[in-house]
Amino acid sequence: MTARTDIDGATVEVVQSYLTAAANEMRATLIRTAFNPVIYEVLDFGISIYDAAMDLIAEAPGLTFFLGANDYSVRKVMAHVGSENVEPGDIILSNYPYWNAAHTYDATLLAPVFDPSDGRLFAYMCIRAHWMDLGAKDPGYVLDSTDMHQEGVVFPGTKVFRRGQANDEIIDLIRFNSRMPDLVIGDLNAQVAALRTGERRLHEIVAKFTRPRLDAAIASIMDHGERTTAAALANLPQGSWTASDIIDDDGISDEPVAMQVTVTIQDGVFEVDFAGSAAATRGPVNMPFGSTLAMCKVVFKSLTSPDRPSNAGQTRALKVKAEPGTLFHAVYPAPTFTLWTGIVGLELIHKALAKAMPDRMAASSGGDVPGFMMIGTHPDTGQMFAISNNDPVGWGATPCHDGASALIHLSESIVRNTPLEVLETKTTMLIERAELRPDSGGAGQYRGGLGLHRDIRFLTDGEFLTVMKKTKSPPWALEGGRETDPNTVILFPGTERERRVSTKRTAVAAGDRITLLTAGGGGYGDPAKRDRRRVREDVAEGYISVDAARTVYGVSSDDG
Amino acid sequence: MAADQDLRMAVDIGGTFVDAVELDMMTGAFRLAKAPTTPGEPWRGVTDAIAKLATDLARLEVFIHGTTLGLNAVLERRGAVTGIIINDGFRDIFMIGRGNVPDDHMYDFQYEPPEPLVKRRRIAGVGCRLDYKGRELVPLDETGVRAAARHLVEEQGVEAIAICFLFSFRDPAHEQRAAEIIRAQYPEVKVSISSDIAREHREYERTSTTVLDAYIRPIFERYIDRLSGALDDGGFAGRFLVMRSGGGAMTTAAAKASPTQTVLSGPAGGIIGAAFMADLLDRRDLISFDVGGTSLDVCLIENAQPVTAHEAELEHYPLLIPTYDIRTIGAGGGSIAWTDEGLLKVGPQSAGAEPGPICYGRGGDRPTVTDAALILGYVDPDRFLEGQMTLDVAAARSGIERWIGAELGMDVEAAAAGIYDVLLARTVGAVRQVTVERGRDPATFSLLAFGGAGPLLAPLVARDMGIREVIVPIVPSGFSAWGMLGADIVNDYARTDLRLLDEVSADDLESLFAAMEADASASLADQGIGADNAATERQLELRYMGQEHALTVAVGGAIDRAALRRAFEELHEARYGHAMEAPVQILNVRVRGLGIGRSPTVAIREPAGGGPERALLNERPAYCFARRTMTPFAVYDRARLAPDDRIDGPAMVDEGTSVTVIQSDQRLEVNRYGHLLVTSTEGA
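Chains C and G are the protein sequences, given in the same order.
First residue of the first sequence? That's 1 in the working numbering, and the numbers climb one at a time after it.
First residue of the second sequence? That's 561 in the working numbering, and the numbers climb one at a time after it.
Derived by calculation from the structure, the hints in this document are not laboratory data.
The structure displayed is predicted, hence computed values, not measured ones.
All residues carry an ideal CB built from backbone N, CA and C; glycine is no exception.
The reader is advised that the hints may include incorrect statements.
[Claimed, not checked] Once the Cα atoms are required to be at most 27 angstroms apart in a straight line, the calculated DSSO-like pairs of lysine-lysine come out as:
1. G:K679 <-> C:K208
2. C:K426 <-> G:K693
3. C:K529 <-> G:K905
4. G:K816 <-> G:K905
5. C:K472 <-> C:K355
6. C:K319 <-> C:K355
7. C:K355 <-> C:K137
8. C:K426 <-> C:K504
9. C:K529 <-> C:K137
[To be verified] Covered stretches of chain G (in silico footprint by chain C; criterion: 3 or more residues with CB under 8 angstroms from a CB of chain C, positions within the stretch not fixed):
10. 566-573
11. 845-852
12. 1025-1031
13. 1118-1127
14. 1175-1183
15. 1227-1240
[To be verified] Some chain G residues close to chain C (C-beta under 7 angstroms, calculated; not the full set):
16. M666
17. F669
18. Q670
19. E901
20. E914
21. P915
22. M970
23. V972
24. E973
25. Y1136
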């Protein structure tokens, strides 16, 4: 097979390397200068570069949902601002959920890049990062908002820099609307520094290759993305499959919220349709449509081009449908703060695909990124803190190996948890236990990975937020494997106040305890088919109990 | 130095060859010998290489050894059967780590982690707990320690135990007591404790470092003892030093006590050599550029000091050790070129030495960077490796035609040049990444090229990035071993602090530094360093409260907190473009103990007169990247070049083990040490 005739495959690869390097240099600058641990430790950001047509040409490793959201947001925000209204050195801020494809605390900075030789706009750069506070009704996360206006100050697409000069009035507005102004302004500066790095590099790239060759190479990159994706798509089974699950509750009532998806692979198109899902909810579990698109892109990419650098060509065959006003297509003023529905939704799409190709898909993981946050006042400093952590879950067993134990959910698997020694230093939590849970992985010929058991004792009064979904429906298994117990939050265990919750803000007092049990992954295949040697290994490692070996796998300890 | 100990020797084990170099400290004369690496019995390759030099070992003042034995033990999972003792309730800190998958698996939803270094059955919790200030919440359960040790040693057969307790960097007493109990109970078991290995915060990173230490220690000790014995049998009576990953060397006794310090020392000799060159040539800012058969290592030298990091990674396991901040890309002479649906890719797969490039004729059938170099005329097929091996040009040509040219519709020269273009783009990306992280412009650096393939690639990198000068040292393929000859003895000490700079009194800091310096001085004395040659350096890692990354500030004689803050802010401004009002926090307090050795002697050469024509070998066609076509290149013999010789490109300087390629828009000059300096003719 031969490439396009106007530019050779070596030059295209060279241009791709330069563009990817530019994105990575932006990332290095952001990590180095960020103020906020959620950016520098947890890598809660997404960095993307677009051509003049706002098609993705390069991205840096980051949060997959953030990367996909950038693709949507750059178009919506520029449609608002107008590409005729931007000048060199401008930086535009957006956190308007329905355009920015995220909740209000994920702030996107967007900058146009102009070719210095002729003054024409030829690229856009986008950096999305989680900001710690923008003045929502509650500190930390908002778990029970009923409209967008309770979720913080909103910037639709607002120039924070004009022609390279900071717009101090806007920056003041941010500062005066945040409970943690230093962190937020520090992160704004870090994002700006990263954009400046990217702009310099893109200027060098356009000068080096010249605009016509750069354009030809970019066209070839897109074309490559489209062709390789089409080939991968042709290798998938053709047909239509439906799956359903629930979101535990909307943060206000305890009623489960229905989710349904139908995936259709046909005629070179991969369609994801959310018909059958609930109407938009009163509480903030709704997803802006851009977030839904981003979620679908992640699944699609993992199936068709997991090891190739990303570009817009790779997602042209993806079509996503969700009626406006529904759970997966929130419209103003629907609340969206806890839009982590997308984490559960990602595996719902897998569940539909598993019906199409059980020999290629894994069983469900623990199903969520179980997070928690403590808000309080640190006795050493007298300062307010709001520190969060993401816990790992077990991953689902696959058709050829056991699921991994205690990993961050697949939707953001390169994100890292917060070290205990950092958590205990910055907050007033004492972690009394953090260990794998034996028998929490779904049994099967291949076993699901194990979840985590965490016990926390509070040393001072404060507020504790659990952000735990998938507490009511168990992680699903495949081909005769076993399901597992869902995620569990136990408030005040062993006291008369003991109760189980999901996503909840809870007042805690010194001496209170909370237990978090994250789910293991579902099993794959009949447990009776599991290699007996592996069952005995699992017992020796403490992954399963002697009892489970006997009752579930039929292997007794003295059984040779 | 005894009168008859006038030689130094360094031995560096690489993936395919062991390099041994001998330096005459009187004359600066320098010899290199190579022997094949012997992975099964690594000491044998070392003694083979030494035998080839035929040096009288009794004349050695110092024997310096760079070994990646520890690294290989981890890569090949050949280390000790290791157990972990940790706080009760936290048995899985090592298994869970930070919960993340490697970046290059971000879209792999069926990720399967590699087999861990320590099985879960060999991890035991015991009762004890400190809080974040180091206050005891639960006393050490000594009975529990004994029971855990009995389980690990008697039932699980462990040879080494790593002990890591939460917040032990605040107070190591529990760890020390647990180790004492286990050592008394099982004297044959090696015990590593985290507060000795890495007295820094973050429990997983500290545990991982301690586990790696325990894992490699027994194998490392056996190796060093064996090699020492072999040297002694040869009459060696000098000092035996082992290279460290983050600067300098240490005595074998120190190395056996802290083998993790050696695991990433493979490229360290070249960096020390680069820092030495930065001083010698007054090129204070250098990029060290080391290209071998399978990888390319880049490190910055700023103001004649290599950039260091305090954390590294080995097989995805974090290591809290000082290291040179080296970036490696998996691209070297053996990297395989391939196509992905019309795009040309190079690496990361490598043909290595076996089967090797197509042109080696050892069964390799996929085109590599070396095959491309041959097609482009950079390698003389009859003079390769000083004529020890003849290369098959026709096979290389048909391989590149078949796998690359036909796929991409390019003729064979264009395809071979394309392979270099792609390799170059990745290389330039890596060099830029290193400089942007320091907030520096690469154009202000010189490029020091070494390793077999460095002198070929570096002039191309310089053209692309606007770097003004490439320096090619004497015997570039042995430069890494040569660099080791200049290593000082170094010990590093660190303690995590986390107090605000404003809330710590100068006296407090002074006494903390003094205590750490006492440790450093005692260790230097133990290693036989006299007070005259011993020095200590103080550093603080500072950051704005809330930041993760810290900057390292050198601390002078008297402690002046305002001056420290100013120094930090200046550094922050330089690195990140802004400084802030926020309070400044001390992350780590660091002390480095230095046993300063003699610098290696460098010979100054005499100009030869008559011009470079005396060294002209022939002329042959090669690919010129400035003209983008095959062009006649004059080929010179390096051995016959002399100071003040000047050659305009296109030209090549061949020295058997490597070739320096000067493009048509570049020129070469030989300096008084015999180094080759390649510069651009544009704007000159």
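Structure-based check of each hint:
no., hint, in the structure
1, G:K679 <-> C:K208, "violated (52 angstroms)"
2, C:K426 <-> G:K693, "holds (11 angstroms)"
3, C:K529 <-> G:K905, "violated (42 angstroms)"
4, G:K816 <-> G:K905, "violated (42 angstroms)"
5, C:K472 <-> C:K355, "holds (22 angstroms)"
6, C:K319 <-> C:K355, "holds (20 angstroms)"
7, C:K355 <-> C:K137, "violated (43 angstroms)"
8, C:K426 <-> C:K504, "holds (22 angstroms)"
9, C:K529 <-> C:K137, "violated (54 angstroms)"
10, 566-573, "violated (count 0)"
11, 845-852, "violated (count 0)"
12, 1025-1031, "violated (count 0)"
13, 1118-1127, "violated (count 0)"
14, 1175-1183, "violated (count 0)"
15, 1227-1240, "violated (count 0)"
16, M666, "holds (5 angstroms)"
17, F669, "holds (5 angstroms)"
18, Q670, "holds (5 angstroms)"
19, E901, "holds (5 angstroms)"
20, E914, "violated (26 angstroms)"
21, P915, "violated (25 angstroms)"
22, M970, "holds (6 angstroms)"
23, V972, "violated (13 angstroms)"
24, E973, "violated (12 angstroms)"
25, Y1136, "holds (5 angstroms)"
This entry does not satisfy hints 1, 3, 4, 7, 9, 10, 11, 12, 13, 14, 15, 20, 21, 23 and 24, going by the numbered hints stated previously.
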